[in-house]
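In case you want the letters, here they are:
There are 2 protein chains.
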Amino acid sequence: MTFVLTDWMNPQLLQVEQALMQWTDPEAPAGLGQAMRYAVLDGGKRLRPLLVLAAAQAVGGDSASSGPAALRAACAIELIHAYSLVHDDMPCMDNDVLRRGKPTVHVQFGEAQALLAGDALQALAFELITPDDGSVPPLVQAALAGLLSRAAGYQGMAGGQAIDLASVGLALSEAQLRQMHRLKTGALLLCSVQMGAVCAGQPEAKVMTALRHFGEALGLAFQVVDDILDVISDSATLGKTAGKDVAADKPTYVALMGLAPAQAYAAQLHQQALAALDASGLPLAQTLALRALADMVIHRNN
Amino acid sequence: MTFVLTDWMNPQLLQVEQALMQWTDPEAPAGLGQAMRYAVLDGGKRLRPLLVLAAAQAVGGDSASSGPAALRAACAIELIHAYSLVHDDMPCMDNDVLRRGKPTVHVQFGEAQALLAGDALQALAFELITPDDGSVPPLVQAALAGLLSRAAGYQGMAGGQAIDLASVGLALSEAQLRQMHRLKTGALLLCSVQMGAVCAGQPEAKVMTALRHFGEALGLAFQVVDDILDVISDSATLGKTAGKDVAADKPTYVALMGLAPAQAYAAQLHQQALAALDASGLPLAQTLALRALADMVIHRNN
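Here the protein sequences line up with chains A and B, keeping their order.
All residue numbers for the first sequence refer to the numbering used here, where the first residue is 3 and numbers rise by one.
All residue numbers for the second sequence refer to the numbering used here, where the first residue is 3 and numbers rise by one.
Hints were generated in silico from the structure; no laboratory data involved.
Treat the hints loosely; a few may be bogus.
Which copy? The list can't say, so a pair holds if one copy fits it or any two copies do.
Unchecked claim - The calculated lysine to aspartate or glutamate pairs, modelled on DMTMM-like cross-linking and capped at a C-alpha distance of 25 Å, are:
(1) K252 to E218
(2) K246 to D98
(3) K252 to E19
(4) K246 to E113
The model shown is predicted, which means the values in this text are computed figures rather than measured ones.
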């Protein structure tokens, strides 16, 4: 059985880009729409949307991954990710001026508009998954909004950012570092997988547990690879400032473990993620996209 | 038929305060919970929660206003309101140091934590209305999340703030001013009424239309009174800096119309709001709390 990721991925990416373009209104008042679109369109790997669509396919096959719920969930989680980058880049946070090779939103539109654009993107994420046109069952809408709000908030991404903020210059243990990343980046990656599954109906508990294990391992692997890339890559390849974790004295897996052990740890997490899919009982053919995305996360260079 | 607002209101306020205290976790990571609680607890008139509960009662009687959906919706909209104040007060926006007589969140906790606390409060609002304990039907959860996201986002509050930001020092027409306020403050007040109604089940179209008219008139009246108070009141009574609209050269109804015509306009909107309730067909007794809240909005001094 051969599976070529790009054959699966490219039409999905096209669909996501078109939907994001359609659902971010350039006519939103007083330049807000332009700032929102600048933050979202034409950039980013779209890993989270791809995970949503791949997880929907893993659980429900093509009909689930091509349905309106999965596309809306895919775009919603990307909006949450995009808003977090906008706010993260602001002067009071990481004070970054470059993102995906472009000036950051506050550099381009001013701090006040960046703040508002982030806020509006978060609201829009919940708007996308609660359409009033009958295309997504209320049960699915409620489940999606429940998952997304918890992953984005104090128990998830925002909580992880607060830990990150408080930990600069501190010597974290591996357990503390893992907790920070589990919330900061892991929660949203796990949520992508869970949202995709929920779009395919009400999966049995065994499947949801396996997908949780997959999502947790993948989320952690993502961060370990991120820390490795910050050390071994350059700004042009990354599309953002390389070496900034070291410069900011931020705790990283590389700082904690050393480079080679961090690479070995990433490989181990990769295998854990694939093993979770093996244990899910889902048809192998339906999980190929999720497996290929896990490979991509490990082997990416930006 | 006598109705004493405080007799109705005080138990509701107690319930809302207790729920907000329960649902904002002081253990949220790295000080985030403390900043979130500081932003929400022990302050504010709780007008929006009261509108939710009063609207639930108007449509469904005591059983609706005392049910879990209404309390969750009441707290959710207050969290959205609270987050908007936190972000609004930040240096890149209004740069306010005083709110409800206390230092603003960024003064107390730093800008980065204020930004995160606002973000986390928005997510928590959606978390509250999507409980996974079976207490709120999925149909109601989906309807609440749909209403709240639209009222908070680019078509609502965030859009209004963008217009506000862009309009400082500009001469707005009354139509432009009304549009700004319809989004900036009106959308959330209207949403409070709509969320309350939805908590009582699926009200008929005639009722929803009447409540929309009520909420729109009330929202506009609220802003006109706000502009009047900015001119005629002092900082101690307001609990925030008086005269700041004039100082910032912001467009207001008083600036546009003059003081006495603005007062007459507020009285006219008050009557429109009450007339909408008359036209709703709802039992008079069930609408007394909504009517009394409308009176309070007009006659408040802070």
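To see whether the hints hold, each was checked on the structure:
In this assembly of identical chains, K252 and E218 lie within 25 Å of each other by CA distance solely inside one copy; the values are 22 Å within and 49 Å between copies. When the C-alpha separation of K246 and D98 is checked against a cutoff of 25 Å, the pair qualifies only within one copy, where the shortest distance is 10 Å, while the shortest distance between copies is 32 Å. In the homo-oligomer, the alpha carbons of K252 and E19 never lie at most 25 Å apart, since the shortest distance is 33 Å inside one protomer and 38 Å across protomers. With identical chains, the CA atoms of K246 and E113 are at most 25 Å apart both within one copy (22 Å) and between copies (21 Å).
The structure fails to meet hint 3 from the earlier list, while all remaining hints are met.
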